[in-house]
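Colleague: Since the structure of chain Y is already known, use the hints to place chain L on it.
Residue numbers (my numbering), protein chains in the order written: chain Y, 277 to 785; chain L, 277 to 785.
Hints are computed from structural coordinates only; laboratory data are not their basis. One thing to keep in mind: the hints can contain errors.
Unchecked claim - Taking lysine to any residue and the SDA-like style, the derived pairs with C-alpha atoms no more than 20 angstroms apart in a straight line are: (1) Lys-634/Y / Thr-432/L; (2) Lys-634/Y / Ala-661/L; (3) Lys-689/Y / Pro-600/L; (4) Lys-634/Y / Gln-660/L; (5) Lys-634/L / Ala-661/Y; (6) Lys-689/L / Pro-600/Y.
Number of protein chains: 2
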Amino acid sequence: MVRGRVSRLSVRDVRFPTSLGGHGSDAMHTDPDYSAAYVIIETDAEDGLKGYGITFTLGKGTEVVVCAVNALAHHVLNKDLKDIVGDFRGFYRQLTSDGQLRWIGPEKGVVHLATAAVLNAVWDLWAKQEGKPLWKLLVDMDPRTLVSCIDFRYITDVLTEEDAYEILQKGQVGKKEREGHMLAHGYPAYTTSCAWLGYSDDTLKQVGMWTWFCRQAECREDKTSPFVDLVQSMRENGSRCCVWGALFKPGLFAGRERRPLCRKSQCLPKQRIELNYKTSVFHRFKVKVGADVQDDMRRCRLIRDMIGPENTLMMDANQRWDVPEAVEWMSKLAEFKPLWIEEPTSPDDILGHAAISKALVPLGIGVATGEQCHNRVIFKQLLQANALQFLQIDSCRLGSVNENLSVLLMAKKFEIPVCPHAGGVGLCELVQHLIIFDYISVSASLENRMCEYVDHLHEHFKYPVKIRQASYMPPMDAGYSTEMKEESVKKHQYPDGEVWKKLLATQEN
Amino acid sequence: MVRGRVSRLSVRDVRFPTSLGGHGSDAMHTDPDYSAAYVIIETDAEDGLKGYGITFTLGKGTEVVVCAVNALAHHVLNKDLKDIVGDFRGFYRQLTSDGQLRWIGPEKGVVHLATAAVLNAVWDLWAKQEGKPLWKLLVDMDPRTLVSCIDFRYITDVLTEEDAYEILQKGQVGKKEREGHMLAHGYPAYTTSCAWLGYSDDTLKQVGMWTWFCRQAECREDKTSPFVDLVQSMRENGSRCCVWGALFKPGLFAGRERRPLCRKSQCLPKQRIELNYKTSVFHRFKVKVGADVQDDMRRCRLIRDMIGPENTLMMDANQRWDVPEAVEWMSKLAEFKPLWIEEPTSPDDILGHAAISKALVPLGIGVATGEQCHNRVIFKQLLQANALQFLQIDSCRLGSVNENLSVLLMAKKFEIPVCPHAGGVGLCELVQHLIIFDYISVSASLENRMCEYVDHLHEHFKYPVKIRQASYMPPMDAGYSTEMKEESVKKHQYPDGEVWKKLLATQEN
Numbered sequence: 277m278v279r280g281r282v283s284r285l286s287v288r289d290v291r292f293p294t295s296l297g298g299h300g301s302d303a304m305h306t307d308p309d310y311s312a313a314y315v316i317i318e319t320d321a322e323d324g325l326k327g328y329g330i331t332f333t334l335g336k337g338t339e340v341v342v343c344a345v346n347a348l349a350h351h352v353l354n355k356d357l358k359d360i361v362g363d364f365r366g367f368y369r370q371l372t373s374d375g376q377l378r379w380i381g382p383e384k385g386v387v388h389l390a391t392a393a394v395l396n397a398v399w400d401l402w403a404k405q406e407g408k409p410l411w412k413l414l415v416d417m418d419p420r421t422l423v424s425c426i427d428f429r430y431i432t433d434v435l436t437e438e439d440a441y442e443i444l445q446k447g448q449v450g451k452k453e454r455e456g457h458m459l460a461h462g463y464p465a466y467t468t469s470c471a472w473l474g475y476s477d478d479t480l481k482q483v484g485m486w487t488w489f490c491r492q493a494e495c496r497e498d499k500t501s502p503f504v505d506l507v508q509s510m511r512e513n514g515s516r517c518c519v520w521g522a523l524f525k526p527g528l529f530a531g532r533e534r535r536p537l538c539r540k541s542q543c544l545p546k547q548r549i550e551l552n553y554k555t556s557v558f559h560r561f562k563v564k565v566g567a568d569v570q571d572d573m574r575r576c577r578l579i580r581d582m583i584g585p586e587n588t589l590m591m592d593a594n595q596r597w598d599v600p601e602a603v604e605w606m607s608k609l610a611e612f613k614p615l616w617i618e619e620p621t622s623p624d625d626i627l628g629h630a631a632i633s634k635a636l637v638p639l640g641i642g643v644a645t646g647e648q649c650h651n652r653v654i655f656k657q658l659l660q661a662n663a664l665q666f667l668q669i670d671s672c673r674l675g676s677v678n679e680n681l682s683v684l685l686m687a688k689k690f691e692i693p694v695c696p697h698a699g700g701v702g703l704c705e706l707v708q709h710l711i712i713f714d715y716i717s718v719s720a721s722l723e724n725r726m727c728e729y730v731d732h733l734h735e736h737f738k739y740p741v742k743i744r745q746a747s748y749m750p751p752m753d754a755g756y757s758t759e760m761k762e763e764s765v766k767k768h769q770y771p772d773g774e775v776w777k778k779l780l781a782t783q784e785n
Numbered sequence: 277m278v279r280g281r282v283s284r285l286s287v288r289d290v291r292f293p294t295s296l297g298g299h300g301s302d303a304m305h306t307d308p309d310y311s312a313a314y315v316i317i318e319t320d321a322e323d324g325l326k327g328y329g330i331t332f333t334l335g336k337g338t339e340v341v342v343c344a345v346n347a348l349a350h351h352v353l354n355k356d357l358k359d360i361v362g363d364f365r366g367f368y369r370q371l372t373s374d375g376q377l378r379w380i381g382p383e384k385g386v387v388h389l390a391t392a393a394v395l396n397a398v399w400d401l402w403a404k405q406e407g408k409p410l411w412k413l414l415v416d417m418d419p420r421t422l423v424s425c426i427d428f429r430y431i432t433d434v435l436t437e438e439d440a441y442e443i444l445q446k447g448q449v450g451k452k453e454r455e456g457h458m459l460a461h462g463y464p465a466y467t468t469s470c471a472w473l474g475y476s477d478d479t480l481k482q483v484g485m486w487t488w489f490c491r492q493a494e495c496r497e498d499k500t501s502p503f504v505d506l507v508q509s510m511r512e513n514g515s516r517c518c519v520w521g522a523l524f525k526p527g528l529f530a531g532r533e534r535r536p537l538c539r540k541s542q543c544l545p546k547q548r549i550e551l552n553y554k555t556s557v558f559h560r561f562k563v564k565v566g567a568d569v570q571d572d573m574r575r576c577r578l579i580r581d582m583i584g585p586e587n588t589l590m591m592d593a594n595q596r597w598d599v600p601e602a603v604e605w606m607s608k609l610a611e612f613k614p615l616w617i618e619e620p621t622s623p624d625d626i627l628g629h630a631a632i633s634k635a636l637v638p639l640g641i642g643v644a645t646g647e648q649c650h651n652r653v654i655f656k657q658l659l660q661a662n663a664l665q666f667l668q669i670d671s672c673r674l675g676s677v678n679e680n681l682s683v684l685l686m687a688k689k690f691e692i693p694v695c696p697h698a699g700g701v702g703l704c705e706l707v708q709h710l711i712i713f714d715y716i717s718v719s720a721s722l723e724n725r726m727c728e729y730v731d732h733l734h735e736h737f738k739y740p741v742k743i744r745q746a747s748y749m750p751p752m753d754a755g756y757s758t759e760m761k762e763e764s765v766k767k768h769q770y771p772d773g774e775v776w777k778k779l780l781a782t783q784e785n
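So that you can see chain Y by itself, here it is in the shape it has in the complex (with noise of 0.2 angstroms):
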């Protein structure tokens, strides 16, 4: 079925000015413009096909993932596409091994972040060839052919060939029926709200901000709700500061230093929220900690009061903690019983993500990472010492799906749940496609699982995701969803595109 040669790789840096959002150019500078480095692959096929694969980035430095990728196109570029994916273990050693490349990695980095890219492109290339979205063509696939995608390298001390082939035969029973329950019912997602850090007790108190971030999802789906009515009240009346930055920029700070959006409460047009509704669709919410930890024990306490003790909290310190002080500041947190505690420190500190688990497993709260973690054996390791009870893979750091599976199997031997991190640009539309497979064909399992949500930038994809009743709906479009529409990568090529071109002029002035 696989067919035509590459013929041409082409990248574009995308950007998108997520800082300026009503803050002006000052901001450019200091707040992350959520962007992706952009790979197209071409073949000689008379289908006319393309594959599409993104790296999620943060604008600078965009530019320079899309120059380690120039440096990796040579090994894609004149390869007939059915020799790649034959042999997909080798030409994902080919990519991750080049000799000289190498050295400016090996498997972390922009490097990797360039090889997901292109690996994303060939992804998307083959499932769309197949007919198929990329979850169903894994789905499908038979075991022994999923397994020879695997670079086994430097894991086998924990999951041999053998063993992942294994675990794939077993999910093969019952996979029928778990897949009809993901056609129907979709995979259980959660939103993520980094915003309402920048506000007051009161605020929080009077308008509920929580019910607002946890009904992004619905309101996609639903052009009458309330949320829809307040976003086009704030574009109308021009007060964007609060709630336009609060709506547009969650996960905006993951693995950063944290600031404050806007504290101007009074903007918030308080008449407008149905504090009620639709409370019942979203069960889980996430929390930022960490800058100070008298204020986040006085948020903390409120927002569990509000939303009851049957209700799962989790928080987020984004890297902001050294060991010790991870395990101290958390003790105090966990009268608010927060399911876990997501990246509590480095990411590359698999020893003292071990031992703040020790210290708060006791205490009921489980510690999650990965969206940091830069390849399968720094998740081996976590994995290996215990480190996390929650697992958060990321479809645009690890070396695409082949990588990425390899971790799925790893926490499937491990029976660690696997809650990815999304958001950002397009990871939301790409990681599905891996869970929903994870849930199929390898967990068996939604216990103690949910995929992160965060309802931003999906309008300048071909394919976004479709989320019901807080749930991914399997996308049924063949590829990886990984598509732009060419009219928005057109006006947010950066520095060329019409919307840089005015930014950048502004700025200048």
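Modeller: Using the frame of chain Y, we list chain L on its own:
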């Protein structure tokens, strides 16, 4: 003393076509070209001094690091040097925690290599303004100032600022004597010999290759040695392939798939070798292993027989193995009494190194690693987990002197000897400063300690290393020995330098 505002930062892509040495253009894509991203910082001070910084690369990918340097440049430009070094910890944090760039690291791979190049230039400039070689700047610096250069984030569970200060305070005792010892005798070096992997046992036995490689360092000092004659004769008769490649390619396969050099032993001018020339100089020998266990055993037996039980043998696997394989393989090589096995597996695998150490230390074999360990958090864990017995810092992969200081101090706390990685382009020039400082102010010991040395590309540096009696003699010129000869840079700039223009033209034809 520190003066000037940074008025210009430029960066150049300098590549030496080391992969070509006699092999023709095909080899260009399979062998590494020793290269550097080369940063030059200028100020508006009237002294006209410039800071030079490098980071080492292997050819392709240098342009990616150059791109990352440019992305970091705005943090340096228009800053007063006294503000930079006056709050060096803050400046380090600013570079490594840039809100947008951090995502494509953090503190690893391309962005961290770029950070190293920039900070190496700052340190060079600082030392030049103080009129001291870098090692002496560090030795003379008071402990509080030294400590203020270090970012302790993520390592306080092992080393706090107070711990560091105490170690440095203790290091004041006997400092003068140790400085005198360095000036008189230098820091002990060992040379790396990768190339004999490709030779037959007979060749090895007949010509005693090991003495050649171990004498390279000597020969630079002693222009009348038989070694120099040998090279000259080979140059004249054109028999470049074996010995020439061997002499100028040590270290070449670090971190990569190993391929033997040419096996044509007949081109070795055996007669010219004086086997016993200064054999008393070197007592430490490193051999590459990992391709074939039977072959390794035979060769190691041969080498051990030749060097006798009293000399030191080290082995280097260049990340070749998975964990169980490393243990099994090295158990078989244990009878040849290697001091260490270097890079037995992935540089990210802390628990893997710990498992290998646990298995091999009872056999008398230590584990050495570090040249591809990407930051202080990895080194911290290697120490915490008893995962290494020899710690190999690298002057261009970690965040310059700042981050290396933290690693030297952690190693001291765990009493693990530091044996720096060197070779490449300029790695010897830079790291000698760090290890000489380490001896004088931190470790106060030479036991089980030595610094790698490879006689390679030193001729392109303005202040090349000086080796005497197999020891690094402390550099006396002001700065960090990072400055290259402008003529060399011009010639080897990629792709526009004279050398590359010719090569690329040849390749096109």
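Colleague: With reference to the structure, classify each hint as holding or not holding.
Modeller: Here is what the structure says about each hint:
1. For the hint pairing Lys-634/Y with Thr-432/L, the CA-to-CA distance comes to about 18 angstroms; that is within 20 angstroms, so the pair holds.
2. Taking the CA atoms of Lys-634/Y and Ala-661/L, the gap is near 16 angstroms; set against the 20 angstroms cutoff, the hint holds.
3. Taking the CA atoms of Lys-689/Y and Pro-600/L, the gap is near 19 angstroms; set against the 20 angstroms cutoff, the hint holds.
4. Among the hinted pairs, Lys-634/Y with Gln-660/L is consistent with the structure: their alpha-carbon atoms are about 16 angstroms apart, no more than 20 angstroms.
5. The hinted pair formed by Lys-634/L and Ala-661/Y meets the criterion: a straight-line CA distance of about 16 angstroms does not exceed 20 angstroms.
6. Between Lys-689/L and Pro-600/Y, the direct Cα distance comes to roughly 18 angstroms. Compliance with the 20 angstroms bound is thereby established for this hinted pair.
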